[in-house]
Amino acid sequence: MAGWIILGIFVLGILWLIVIYNGLIAKRNDVQGSWKQIDVQLNRRHDLIPNLVSTVKGALEFEQDTLEKVISARAKAVGATGPQSKAEAENMLTQALGKLFAVMENYPDLKSNQNVMQLQEELTSTENRIAFARQLYNDLVANYRTALQVFPSNFVSSMFNFRTEEYFEAPAETKAVPAVNLSIRK
Amino acid sequence: MPLTFIDIERQKNWRIVLFFLVLMALYLLAAALFFAALLPGPLSAEPRFWVFLVIAAALTASIHFWFSASNAVDTVVRRLNAQPPDLKDDVHRMFANIIQELHVVTGAKRNIRCAVIPSLSLNALAAADLKGNAVIAITEGLLSRLSRPQVEAVVAHEAHHILSGDCLETTVAASIFGTFSSAMEKVRYSSSNRLFASPAFLLAWVLLQLGYLVNLFISREREYRADAAAVRMTRNPLALAETLHFLSRGWRGAGFIGSGFEMLCIVNPVATTLDETEGFLPDLLSTHPPIKKRLEILLQMARVSITELDANAERRSGRKGTDAQERYFVMSPARLWQGPFTAGELDALPWLSPLTWVANGKGKTAERAWKDPLLNTIFLRRLAGDGRIESGFTCPVCKQPLVTAAYEGTQIVQCGFCAGTLVENGRIPRIIARTGRERPCTERLNALARSVLQQNQARNIYRKVAARGAGQVPLLPCPKCKNPMFRGFYSTAHLIEVDRCSNCGLTWFDQDELEMLQCLIENRLLPDITVAVKD
Chain A
-13 MAGWIILGIF VLGILWLIVI YNGLIAKRND VQGSWKQIDV QLNRRHDLIP
37 NLVSTVKGAL EFEQDTLEKV ISARAKAVGA TGPQSKAEAE NMLTQALGKL
87 FAVMENYPDL KSNQNVMQLQ EELTSTENRI AFARQLYNDL VANYRTALQV
137 FPSNFVSSMF NFRTEEYFEA PAETKAVPAV NLSIRK
Chain B
218 MPLTFIDIER QKNWRIVLFF LVLMALYLLA AALFFAALLP GPLSAEPRFW
268 VFLVIAAALT ASIHFWFSAS NAVDTVVRRL NAQPPDLKDD VHRMFANIIQ
318 ELHVVTGAKR NIRCAVIPSL SLNALAAADL KGNAVIAITE GLLSRLSRPQ
368 VEAVVAHEAH HILSGDCLET TVAASIFGTF SSAMEKVRYS SSNRLFASPA
418 FLLAWVLLQL GYLVNLFISR EREYRADAAA VRMTRNPLAL AETLHFLSRG
468 WRGAGFIGSG FEMLCIVNPV ATTLDETEGF LPDLLSTHPP IKKRLEILLQ
518 MARVSITELD ANAERRSGRK GTDAQERYFV MSPARLWQGP FTAGELDALP
568 WLSPLTWVAN GKGKTAERAW KDPLLNTIFL RRLAGDGRIE SGFTCPVCKQ
618 PLVTAAYEGT QIVQCGFCAG TLVENGRIPR IIARTGRERP CTERLNALAR
668 SVLQQNQARN IYRKVAARGA GQVPLLPCPK CKNPMFRGFY STAHLIEVDR
718 CSNCGLTWFD QDELEMLQCL IENRLLPDIT VAVKD
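Chains A and B, in that order, give the protein sequences. Mapped onto the working numbering, the consecutive letters of the first sequence carry residue numbers -13 to 172. Mapped onto the working numbering, the consecutive letters of the second sequence carry residue numbers 218 to 752.
Hint data in this document are derived by calculation from the structure and do not stem from the laboratory. The beta carbon of each residue, even a glycine, is placed where N, CA and C say it ideally should be. Hints may be right or wrong, so weigh each one.
Below 30 Å or equal to it, Euclidean Cα-Cα: the simulated DSBU-like pairs (lysine-lysine) are [as the list claims (entries may be wrong)]:
(1) B/326 / A/72
(2) A/85 / A/72
(3) A/97 / B/305
(4) B/326 / A/22
(5) A/85 / B/326
Taking beta-carbon pairs under 8 Å as the criterion, some of the chain B residues facing chain A (in silico) [unchecked claim]:
(6) 307
(7) 311
(8) 314
(9) 322
(10) 324
To give an idea of the chain A side of the interface with chain B (calculated C-beta under 7 Å), a few residues [claimed, not checked]:
(11) 107
(12) 114
(13) 115
(14) 119
(15) 122
(16) 135
(17) 139
(18) 141
Sequences and hints are given; from them, build the entire structure.
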């Protein structure tokens, strides 16, 4: 009788282990999948930039410097390898694009050009998608980390050597303290 | 507790189950009484009749329940006539893009359709059903008045409703009670007085009113939660605050968005005092929290005061007024005023020249087009587009740059708009001598020259008789030295009026005058001397 009970507990334990293990695997795959999603969106941006540059080149004759920066930043971002240098190159590209959009504001001709407006909308959308993909990645990492660390699944994670995943960090300059508006509220 | 979209996905709400049960019971009762009202006969029938009735009602109700609730998204979309966004339209494309972005941030766990409601009202709604379909719909009016960040905020708000599941309960309630209330209204219109007065009908009506108790289960809290989730996704509390502020002052679709759909919307289409008050009873009965309260919370996140928001909105609408392009009215060659045109549209008019009369929309008097600096840029661009060489002179009539042109083998300077010609005095004999080499004297030119000659002859005699000097028409400035040019006939034998600058040795011919002079000399045209002299 006692043997049956022990066997039962043992089987239950195995089942519990399988459930926890599978759950962790699923979460880890979610995290990795969402990391790939960021890459997909970054590539989308790389593909759009040459179109934009060639469309606005004629009108932005006196802004060749800004355009050059965008082109070179894109080239760097495409060629970058390794997460660290890649993140840096992408941030450079984001800044260069922001500068270009600011410059384009001064050209009413461009604003009335439907082609340019469509490209700009696509790029804005892509910027958003990149930000959202990172947001999703961080959410999933938080989810995964919690699963790794809570009792009792932390036994399973240490038993099978589940490694923790890193958060995506925001670039340093965007971490600046936001300006506080001290105007009197009603 | 952080409200990530993953957490929202996981939330299992016991309220949904309870809600369905209560809804079912309410619906069954209402349906039973509805049947009782339709059937003739005494209400005090034997109990077996009532049992049968309740069972029949339960059956039809559950069938109805399933059909209306399982396909609720389609029902809502059909009843509002919402259309999928037109991807060739810039604004619609932006909306579709934002929905795609939404799928990125939620990890594409749920497929959400998007639709545009063809109405000028300002509202947005979300619907979800038992089959797992979900839709976010925005009215055309709201979509075209919001900026991109604001549309993002609206979409994020609605997405939270869908993902958290509270959209499901509202949609089911809306579809069931929406169809029920429309059925009630039909009966009321078509039935006789007897039916309307029947106590069963009154009871059914009371039950319908009780249906609003469904609102009890739709707490106001979820709107706050959705606002919070929208801010979390877009990181832009100000955009949502601006949207709500804007919505609070516009037509939100009362009358267009049918009753029963109120609880799906981002703001209640019908503005009621109940919605805008707080307390136990309003909290219980109203589906939407006060916009004022929602604004306050959002503005605290953004650290902006409501007065600042108000001022911003004012400034934006004010700027729109002045920033809007100036409108012009122009006189067409047929001497008809046309307009209003923007500067860009004027550019497309082929007959627009520096001499066209133009009045801008601010009630200014009509002026020649060249006096407007903005319109002048149009002419400049046209010239540049033609690839002609500027001579450095300006046309004395339309003040546009003159361009050099080849004429009878020599160089002259011409205006591209009024077709006036500036010739160095030394070149005129050459041109006259070469008449017919490149441009023969056409019939038109001959006729024109003859009539001008006649007219000028008459004027010449008349002027001598009346001893009146020239000068009714202001003298033109010399294109080179800007001094007024002397106006007179080319010679006493060739009565073509020209403007000369003796300083610079230049002669200005208006349109066709040079050609007429050539024909005059070539064909030896002479004025008719027997012209009548007026006393």
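Hints, one by one, checked against the model:
At roughly 28 Å between alpha-carbon atoms, residue 326 of chain B and residue 72 of chain A fall within 30 Å of each other, so this suggested pair holds. For the hint pairing residue 85 of chain A with residue 72 of chain A, the CA-to-CA distance comes to about 20 Å; that is within 30 Å, so the pair holds. Taking the CA atoms of residue 97 of chain A and residue 305 of chain B, the gap is near 18 Å; set against the 30 Å cutoff, the hint holds. Taking the CA atoms of residue 326 of chain B and residue 22 of chain A, the gap is near 16 Å; set against the 30 Å cutoff, the hint holds.
For a cut-off of 30 Å, the pair hint linking residue 85 of chain A to residue 326 of chain B is broken: about 35 Å separates their Cα positions. Hint on residue 307 of chain B holds. Least Cβ distance to chain A is approximately 6 Å, under the 8 Å limit. Proximity of residue 311 of chain B to chain A holds as hinted, the smallest CB-CB distance being about 6 Å (cut-off 8 Å). Interface restraint check: residue 314 of chain B against chain A, minimum CB-CB distance 4 Å, threshold 8 Å, status holds.
The interface hint given for residue 322 of chain B is met, as the beta carbon of that residue sits about 4 Å from the closest beta carbon of chain A, less than 8 Å. Below 8 Å, beta-carbon pairs count as interface contacts, and residue 324 of chain B has one with chain A at about 5 Å; its hint therefore holds. With a least beta-carbon distance of about 6 Å to chain B, the hint placing residue 107 of chain A at the interface is held under the 7 Å criterion. Because the closest C-beta pair between residue 114 of chain A and chain B is about 5 Å apart, less than 7 Å, the hint holds.
The beta carbon of residue 115 of chain A is positioned within 7 Å of a beta carbon in chain B (closest approach about 5 Å), and the interface hint is therefore held. With a least beta-carbon distance of about 5 Å to chain B, the hint placing residue 119 of chain A at the interface is held under the 7 Å criterion. Look at residue 122 of chain A: its Cβ gets to within about 5 Å of chain B, closer than 7 Å, so that hint holds up. Checking residue 135 of chain A against chain B by beta carbon gives a least distance of about 16 Å; that is not within 7 Å, so the hint is violated.
Taking 7 Å as the C-beta cut-off, the interface hint given for residue 139 of chain A is violated, the closest approach to chain B being about 16 Å. Among the interface hints, the one on residue 141 of chain A is violated; its C-beta lies about 23 Å from the nearest C-beta in chain B, farther than the 7 Å criterion.
Violated hints for the displayed structure, listed by number in ascending order: 5, 16, 17, 18.
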